[in-house]
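Same order as they appear, the protein sequences are chains A and B. Residue numbering for the first sequence follows our numbering, beginning at 1 and increasing consecutively. Residue numbering for the second sequence follows our numbering, beginning at 1 and increasing consecutively.
By construction, these hints were calculated from the structure, which means they are not laboratory data. From a predicted model like this one, the values you see are computed outputs, not experimental measurements. Glycine is no exception: its CB is placed at the ideal position from the N, C-alpha and C atoms. Heads up, a few of these hints could be off.
Estimated spans, in silico, between C-beta atoms of each pair [to be verified]:
hint	chain 1	residue 1	chain 2	residue 2	range
1	A	A60	B	D135	26 to 34 Å
2	B	L138	A	G240	29 to 37 Å
3	B	L136	A	G142	52 to 60 Å
4	B	G201	A	F36	31 to 39 Å
5	A	S258	B	G21	41 to 49 Å
6	A	P209	B	N108	27 to 35 Å
Heads up, simulated SDA-like pairs for lysine to any residue below, C-alpha to C-alpha not over 20 Å straight-line [claimed, not checked]:
hint	chain 1	residue 1	chain 2	residue 2
7	A	K193	B	L33
8	B	K164	A	R9
9	B	K194	B	Q161
10	B	K168	B	G183
11	B	K164	B	A134
12	A	K193	B	Q267
13	A	K238	A	F260
14	A	K228	B	V116
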Amino acid sequence: MRSASPGMRHIYGWLLLTPAAILLIAFTHYPTIATFIDSFFSKSSAIRPSRFIGFSNYDAMLEDPIFWKVLFNNLWFALGTIPTSIAIAISMALLVNRSLPGQGFLRMAYFTPTILPMIAVANIWLFFYTPQIGLIDQILQGIGFSGHNWLGDPNTVLGAVIVMTVWKEAGFFMIFYLAALQHLPKELEEAAKLEGSSRWYFFWRVTFPLLMPTTLFVLINAVLNSFKLVDHLFVLTKGGPDNASNLLLYYIYENAFSYFDPNYASTLTVVLLALLAIIALLQFFLLDRRIHYR
Amino acid sequence: MTKQLFFQRSWNYSNGLEIVGAWLLALLWISPLLYAFWAAFHPSEYAVNFELFAPITLDNFAEALSQAPFLQYGLNTFVLVTMLLASQMVVCTFAAYAFARYQFAGQNIAFSLVLVQLMITPEILIVENYSTLADLSLVDTITGIGLPYMASAFGIFLLRQAFKSTPKELEEAARLEGCGMFGVLWRVYVPLAKPTYLAYGLVSISHHWNNFLWPLIVSNSVETRPLTVGLGVFGAPESGVDWSIVSAATLLSVAPLMISFLLFQRQFIQSFMHSGIK
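Input sequences plus hints: build the corresponding full structure.
Take a look at the structure:
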């Protein structure tokens, strides 16, 4: 830099960075480290202050059946939402990318759930799932089936939450596919037409492989969302019945703010941080960074 | 040859089926929202009773507004989102400028440390961040809700990209004209990064308008509660409010963002695209 002397640019650089650095250290780096430390201490009470207890919290966690339950719920939740919403997102993008009549409306209809808060979405869907008087049961009863307590039955509650989440997220992923499709060379399609290959064949052999970087990008984001997004549980199920729909972050919230055990909550947060670190590493090694982070 | 013709036709003539499919999917996708409109604008006895000529009413909205202070919640959200956006713009611009144009010592490590926040967002660390806020006595304040998000790794990242692609010659020229560090930033870099600011702004507004978990933990009174938290408290099933009123309250809470989305659809969608690809 011409006007900043070599020594000054360090000072200017750090000065410019200072506000961001203070905030990031206070609310990201420091709490991450504090979480690790707190997980080795016991919960403090009126008569007994917090003290170092080594891995006791971790031992308790490994023996906590609810911990394992929420961890597997998170796994099923991710497996239930991600492939379906990706498949729907690709279909939506392919449909909207062609000039169909009403393209603008179609795009808006697919995308709208994305800009709604999860809490509003849950409010709307809660009524669909309500036994007897809810919309789904009314329709089922109308065509001669009996109703079902979708959110009250441990066997159906996670599925019900998954369906709602797919509805909320597919349109968001669609726009990334749409952007990718618009950058695919048109000649490929022309060539395939001349070759006489079917559209199905063209999709699986040409389009889908070319969309792979987008799929990886969406996949990582979807996995992150499946760990970070628990808002709907506050309205729909509170994690119940019997923790059948509980997810890790919601369980952390419950431990910290309902059971007032911040140290156990920290222990659980360490697990969440470890999972996020694994995702970050996968992203680093899997994603072709040149494509998305140019 | 016939086979080839058949396939060529399959490219051209499957359109009809596709149009039907696309529209069915769109109707299915929009129907939960249409349903919320139906319930909100009709008396509660029509909540599941779809009669074309059911009387239309605004009573549910009036009832929702009388049961909970949604206007105050709306104001809180507006203050929160505005304050956040303004501070994010300043904090992220400075940091991005440092990363893009000053080769300072420790730059790479500092940048990696910033990127950590892309993964570990403040709501992951609710336990520790809450006790930090308590130490700062910022619990139950709008500033407290916004503070952890004011430095945004995402914003720093996007703006750094934009600043890096600004031609250095423009900066040289501005320097010759006598601009200092801030002058160059304000006259050269910021104007050229306008599309990025717009994209980041829209993403940030929609994100914080809709954010729930952290505001729920921090806010504790009518004066600080944003719309999402107010709605969450309002719609709790045990409170036994009826569906038409919940739907009306839900629509009230999403209306401002929804209307802006419908008005500026293209900008919204492009912003989300931009934020993912660049």
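Does B:L33 lie within 20 Å of A:K193 when you go C-alpha to C-alpha?
With Cα atoms ~39 Å apart, A:K193 and B:L33 exceed 20 Å; violated.
Within 41 to 49 Å or not, the Cβ separation of A:S258 and B:G21?
Taking Cβ atoms as reference, A:S258 and B:G21 lie about 46 Å apart, which means the hint holds.
A range of 26 to 34 Å was offered for this pair. Does it hold for the Cβ distance of A:A60 and B:D135?
holds, 27 Å
May I ask you to test the hint 27 to 35 Å on the CB atoms belonging to A:P209 and B:N108?
holds, 34 Å
Given hint B:V116 paired with A:K228 - CA-CA distance at most 20 Å:
Holds: A:K228 and B:V116 sit about 15 Å apart, inside 20 Å.
Is the Cα-Cα distance between A:K238 and A:F260 20 Å or less?
holds, 17 Å
Would you mind confirming whether the straight-line C-alpha gap from B:K164 to A:R9 stays at or under 20 Å?
Judged against 20 Å, a Cα distance of about 17 Å means the pair holds.
Does the Cβ-Cβ separation between B:G201 and A:F36 fall within 31 to 39 Å?
Since the Cβ atoms of B:G201 and A:F36 sit about 35 Å apart, the hinted range of 31 to 39 Å holds.
Between B:L138 and A:G240, does the beta-carbon spacing fit 29 to 37 Å?
This hint holds: roughly 32 Å between Cβ atoms.
Does the alpha-carbon distance linking B:K194 and B:Q161 stay inside the 20 Å limit?
With Cα atoms ~13 Å apart, B:K194 and B:Q161 stay inside 20 Å; holds.
Hinted pair A:K193 and B:Q267, Cα distance within 20 Å
violated, 34 Å
Are the Cα positions of B:K168 and B:G183 separated by 20 Å at most?
holds, 15 Å
Of the hints listed earlier, those the structure fails to meet are numbers 7, 11, 12, in rising order.
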